[in-house]
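*Asks:* Take these sequences, add in the hints, and give me the full structure.
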Amino acid sequence: MARIYINPLPVRIWHWTNALGFVFLIVTGFHIRYADVLSLMSFATAVRVHNWVGFVLIANYFIWLGFYLFTDKITVYHPELDPRKYYKASLRQALYYGYGIFRGDPNPHHATAYRKFNALQSITYQIVMIVLVPIQFYSGVLLWDLERFAGSIELFGGVRVVATVHVALFIFFTGFIFGHAYLASLSTRPFAHYKAMITGYEEDEDELKVKQRSG
Amino acid sequence: MRVAAAFAILLLAAAQAAASDAECLACHGQQGLTKSFPKGETLSLHVDGEAFAKSVHAPVGCSACHAAIDPKTHPGKTREFPSVRAYAIAAVEACRGCHEPIYDAWLGSPHGKTRARESGLQGPICADCHQPHAVSRASVGTKLKETCLTCHANAPDAHAKWLPNSRRHLAVVACAACHAPAAKRKVDLRFYDAAGQEVVGGYGELQPGRPLDEKTLGELMHGARGSRVRLVGRVEVTSGDQAHAMAEREQALKDCTTCHRKGAEAFQNVTVSVVGPDGKRTHYEAQKEVLSSPTSVDSVRGFYAIGATRVGVLDIVLLLVLAAGIAAPLGHYALRRIMKRRHSNGQDLH
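Protein chains in written order, with our numbering: chain A, 1 to 215; chain B, 1 to 350.
In short, the hints are calculated from the structure, not lab data. The reader is advised that the hints may include incorrect statements.
What the hints assert, rightly or not - Derived contacts from chain B toward chain A, CB cut-off under 7 Å, selection only: (1) Arg168; (2) Cys256; (3) Lys262; (4) Tyr304; (5) Leu335.
What the hints assert, rightly or not - According to the in silico footprint, chain B covers these stretches of chain A (three or more CB under 8 Å from chain B): (6) 42-51; (7) 84-91; (8) 98-107; (9) 173-187.
Positions of the beta carbon are idealized from the N, C-alpha and C atoms, including for glycine.
*Replies:* Here is the structure:
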């Protein structure tokens, strides 16, 4: 069976550390913001865990950044510079998720080691990893020690503005986790993409489909 | 008529006090005037006239506290004290004369108990924290925290061991807000300039009467944008006697959720305060919503207490995102299953 080595080891380490870390950050984030509603742990424990996990994920971010900056795999994030081409590919992918998938149409995107993301994934992950995640980490660091970073906080409009940005992104990432987990199951086999993120190898979807039909 | 008469009496008393204060300061305003004690200690009798004139004690004058001194015989033989400390302790009675509830609260606190326990000489007394001849309202400035730290020098390190953002807590939460756990707390918003100094005279026109709402505050701070004046909040206790009812260290508030939760008591009472050129602080009542309204994120950008002052709109957005995050995948999955079944049924029919 055709298998593509799509997720190199550093990417897999970064991904699962990030996934686990984000779950911790979201759970502790809920506790910090809604201490009057949740009581799985104390407020102080939630803050302590939130801070430590935050720093671990910042370090982890540099595994991702280092890997893609210093290997040729950065092509997976290369944007399509022709807007018409990009728009067409995005529309095709959106139509597949919103319509074609229900008819049993094939996924219009075929992942390769150098083009593993479809047009929608590519733009989403670029925005998430290059803009939103750094803003979330940076605002988190500022909130971790308000006195040490008082100058920067003032520059960004004050503690309430920084906290509101941090919470708004927390809401986004909470929604993202649900969407991401579900979309990752949209393969010929529900756990194929999950498996690929563990073993590194992705099986060819068309081949799988043929196998499923014959078997 | 009665009010006018009372006002006239007060004016007269103040005028008399000012006149006699000038007599006292004629000597005590001079540097170098000292009193000797049997153990060889000396006490400076110098009073800074300018600082005294600005203090809250200025209206009552020297004689209100130093009633035992008879101007006709002074400086003559006065009551003898074995030490400077013994003299200062005796002077506490003068404070008690006007500040009885505060005195009682202090007496029941570890500060008062230490003094009673340790032969009466140790333990902080009024003058250790409050400069009697330059005393300002406790709510003015943050000098009192520095005063606490002169004895409790290890407090910042001790707090840093368990309290997240401990330096910010020490900067914006009055010591008594946690160490007098029974006290009623409030938030006081103050005007600060870009250099971190409180703006004398505040910013713009504040009118007493109706509590300030977020719209009024927003308009006020919109005008302040160019001058880079911002509102910074402090958590304080609402009265002086409560501020002196300190508890033992073990009883101090350590549960973060006392403040960091929706509806916390400390955030139900909000004021905006301004220090005038005379050093007197004036408080203006504000609506508690100014701390959590989405429209005041900008005007009250210098104060945020996690959980307690959270913006309700974001809670609704979070709920919607959670609902969509669960419902959308479930709906999509269900539709896929239905369509797949139909598709295979259709194939079977053919």
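*Asks:* Run every hint past the structure and note whether it holds.
*Replies:* Now for the hints, and whether the structure bears them out:
Residue-level restraint check for B:Arg168 holds (minimum Cβ-Cβ distance to chain A is 4 Å; threshold 7 Å). For B:Cys256, the interface hint holds, the least distance from its beta-carbon to any beta-carbon of chain A being 4 Å, beneath 7 Å. This hint holds: B:Lys262 has a C-beta 5 Å from the nearest C-beta of chain A, less than the 7 Å allowed. With a least beta-carbon distance of about 4 Å to chain A, the hint placing B:Tyr304 at the interface is held under the 7 Å criterion.
Given hint, B:Leu335 at the interface with chain A, holds; its Cβ is 6 Å from that chain's nearest Cβ, closer than 7 Å. Counting residues of the segment 42-51 of chain A whose CB lies closer than 8 Å to any CB of chain B gives 6, which reaches the minimum of 3, so the coverage claim holds. Counting residues of the segment 84-91 of chain A whose C-beta sits closer than 8 Å to any C-beta of chain B gives 0, which falls short of three, so the coverage hint is violated. Coverage of a stretch by a chain is defined here by at least three residues with a beta carbon nearer than 8 Å to that chain's beta carbons; for the segment 98-107 of chain A and chain B the count is 4, and the condition holds.
Residues of the segment 173-187 of chain A with a Cβ under 8 Å from some Cβ of chain B number 7, which satisfies the need for three, so the listed coverage holds.
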